[in-house]
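2 protein chains.
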Amino acid sequence: MTYTKKLKAKIIDIEANKPIFLLNEKVAEDILASTNNRVVVRSAKECVTGLVDITNTVIDDYSIGIYKNQQSKLNINDGDLVEVNVMPYPESLQYIINKIKNKPLSEEEAYTIIKDVLDDKLSEAEISAFLTSLTINGLSLEETTYLCKALTNTGKTISFDRPEILDKHSIGGINGRVSMLVVPIIVANGYMMPKTASRSISSAAGTADCMEVLARVDLGADKIKEIVSDVGGVITWNGRLDLSPGDDKMIAIRHSLGLDPEGLVIASVLSKKKSAGSTHLIIDLPVGKEVKIKTREEAEKWAKKFLVISKELGIKTRVVLTNGEVPCGRNFGAALEAKSAFEILEGKYFDNLAAKACEIAGKLFDLVGKTKDGEGYDLARETIKSGKALEKFKEIIKAQEGNIFCSEDVPIAENKKIIINQSIGKIVDMDVALLTKIARLAGAPYDKGAGLVLLCDSGDELKEGDPILEIYANNLDKLDQAEEFAKENLKNIIQIERMILEEMDQ
Amino acid sequence: MTYTKKLKAKIIDIEANKPIFLLNEKVAEDILASTNNRVVVRSAKECVTGLVDITNTVIDDYSIGIYKNQQSKLNINDGDLVEVNVMPYPESLQYIINKIKNKPLSEEEAYTIIKDVLDDKLSEAEISAFLTSLTINGLSLEETTYLCKALTNTGKTISFDRPEILDKHSIGGINGRVSMLVVPIIVANGYMMPKTASRSISSAAGTADCMEVLARVDLGADKIKEIVSDVGGVITWNGRLDLSPGDDKMIAIRHSLGLDPEGLVIASVLSKKKSAGSTHLIIDLPVGKEVKIKTREEAEKWAKKFLVISKELGIKTRVVLTNGEVPCGRNFGAALEAKSAFEILEGKYFDNLAAKACEIAGKLFDLVGKTKDGEGYDLARETIKSGKALEKFKEIIKAQEGNIFCSEDVPIAENKKIIINQSIGKIVDMDVALLTKIARLAGAPYDKGAGLVLLCDSGDELKEGDPILEIYANNLDKLDQAEEFAKENLKNIIQIERMILEEMDQ
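From first to last, the protein sequence lines are chains A and B. Residue numbers for the first sequence, in the numbering used here: 1 to 506. Residue numbers for the second sequence, in the numbering used here: 1 to 506.
For the record, the hints were derived by calculation from the structure and aren't laboratory data. Fair warning: there could be bad hints in the mix.
As the list claims (entries may be wrong) - Just the calculated beta-carbon pair ranges, DEER-fashion: (1) ASN98/A to SER140/B: 23 to 31 angstroms; (2) THR157/A to GLU502/B: 44 to 52 angstroms; (3) CYS47/B to ALA433/A: 26 to 34 angstroms; (4) LYS487/B to GLY138/A: 42 to 50 angstroms; (5) LYS73/B to THR157/A: 44 to 52 angstroms; (6) GLU29/A to LYS73/B: 21 to 29 angstroms.
In this text the structure is predicted, and so the values were computed from the model without any measurement. Positions of the beta carbon are idealized from the N, C-alpha and C atoms, including for glycine.
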């Protein structure tokens, strides 16, 4: 019972990434008769909803501007007639309003909101209001579970023919690619571990960025199943898998405001794990003043929720709190971090990154019953030492169509600058956030060869003139900027022990 | 110290209403090197900030797509080179994050946020998060004052050569154009009253819509000053005056979610009044179950804030709580409501709309000291009775270049349907929200002739077959839809007294 208007489609030769239709002011007033800015557009076969932008150029009183991606959804040509009418406010809008008023979400309401996010029935401003209300009013355990199920049920799933599918996940933006070590260690011992990982959002590189230096990571679900049944494991990007597409859409809006309420992050992580078929899972929560979780008390709250909800989903889970105060390994940047994973597997050194990987792989062995509680670490370490983990890593790279099989072959950026120390004393702290910033200024994560290598460690006694950082970049302008920033902020990046803590005048 | 890229401007022949630039994926990665989606674009003379949309059609690796309105801001032609670099997150983003964490806004922070809203440095999603945080965490009196001052100081002002500038404002979407009666009553008694009003958002018509039926309402500040110094008053649209442009921008985002926290509405109203030069102000707060403010307790909280903040701004203010449970006058829709204003001034009848106008004009007389407290009503009523208010109304219309000077000449829509009563009994209630919906289905507020006239009143004894509503519309499809909706919902629109309140089986 709404007013319908026939309009001529005018195709706009742009691939707009949002579902927007262009109307001129007069037609918009006639159809919408309100500030409700959503329309339903119907072609002979298809029906698409979207938001309206008003333009008084190019679109006349008898036309509607349709971007190329909506054109293909509607299956029409330029000049075809479409029927347009106002779309009533979606039901989910009322549920968002209720949550703003601190009324708890029901299971059905959580599902409807996620469904409408996916169907482009909610605007970015409305989704943002929802995410803000979750951040301020919080989510109960029930609401987190509902949201997690909604995200899972609106996405695709992958299933494997095996009772035990092992996995790990880390919250919070530290360097060092633990997963690239854990997967070969686990798989070399006969378990399946299909690791689907993200790209970097705010760090110097994500696991998917690093693995992409060595092999293909744009694998579909079928290819993943094939590789895993063949070699036991995979390390790939989750972005093409649509395991939790509602979550993917919300992450883009959450980022600039840091809208990361516990419940939402937990629902996001566990929905992707459930969809990927995980049965045994280690959650790594780094704790430190520069990472997402600042204190142990906070981390314990997160842990409890992870445990309850993963149990609800049927995933056997253990949470570990880890040291998020120090750099994990010495490299920042996709190629440099991939290189250090190789070097550890090749037995070149055993640093805190290697130790963390063995601890986490060990906990997975304990959890799945391969080892007695506490004995997994030794098995993990032995798997590296024997070279079995390196062999498995090469098998996985080959299965993912890669052709880099040793640390020397990892391609690092052409240009390098070395930062020299200017003061004397013992290193007491290093700022991971500032180190990440240098790597990003140098071009990470898009320039995969860009990043930095730490040439010193906490506890080292520095002399003036000691080299302390190497910065790598392919773009010379970016290299200069990263160098300039590093020099300006040196005292905060590498902190030297000082006895006078504060001084006051008069 | 950010990475800058030179790109060729490709002008897109669309007047986009948001500051968006088009980049292809590769260039976006190179410039942004993060999910930060803001850029600064510099031409030889100008500099504009905006958000990025990614498109892989039409824009190549050496170009940037620029919509027509940004083209004119940058003062460039197709093919010109522009410099593009990433815009750092605006400072205001941190203040929004703080407010989400319930940290109070300082005066400077409130100002920076409003400034960045105006300069397009914040996305709609970020503005929405800010508005949601104000809704959930609330605003203290101080924060409301800061926001009000920020909205005022970022807008234009109008000033008059007179110590007393009278004004009124009503919160909350009831029909009946009180202002069209109050202005001529006040002005006929020698005071200045420049009434700047809004168009309808959710009601059947706003004061600006109604006045536009009779005269021009798209007046600029200079024209308003000229008319007011000439005839003493004006009734015009506030939309072209930029009295509080930050507010205008936020209102569009607030609407669908009903993000109307007290503090924000109060800051919005008072900033516009301050900018328009008001010195004496009556605030009308309708209270009722279908309007914004539901209870007297709630209204008293609103009132207290209005009083404190208007005092801070130097506006002498009185707040009145009014009956928002019943229709105010019998007409809904721009032309029909304008017509009833005329009919009251012409002395054809004196209904509850006329009474409300005399009460409010009377309170203004009391407030400014023209009458002793409580005696203003009689003066207002006398000003109508004597015909002086009608004469002044015609003068104002003439000054605003109108040419309709009596109720018979107001143009109503061509087509009419009458709704007939179906049941017997006394009318105990009428639903203003449903009546508004019928008027809007008929085409209000964009079809100025559309709307409805109530043919009955609370307390009337109805017989079957009595006509109870007339619906008017220019568009026959819309008329049919409004009629259908009215017939289907008749029992809820006009409620008849019933003795059985509820019944239960077995």
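Here is what the structure says about each hint:
1. ASN98/A to SER140/B: 23 to 31 angstroms: 25 angstroms, holds
2. THR157/A to GLU502/B: 44 to 52 angstroms: Since THR157/A and GLU502/B have Cβ atoms about 48 angstroms apart, the given range 44 to 52 angstroms holds.
3. CYS47/B to ALA433/A: 26 to 34 angstroms: 30 angstroms, holds
4. LYS487/B to GLY138/A: 42 to 50 angstroms: 46 angstroms, holds
5. LYS73/B to THR157/A: 44 to 52 angstroms: 48 angstroms, holds
6. GLU29/A to LYS73/B: 21 to 29 angstroms: 26 angstroms, holds
In summary, the structure agrees with every hint in the numbered list given earlier.
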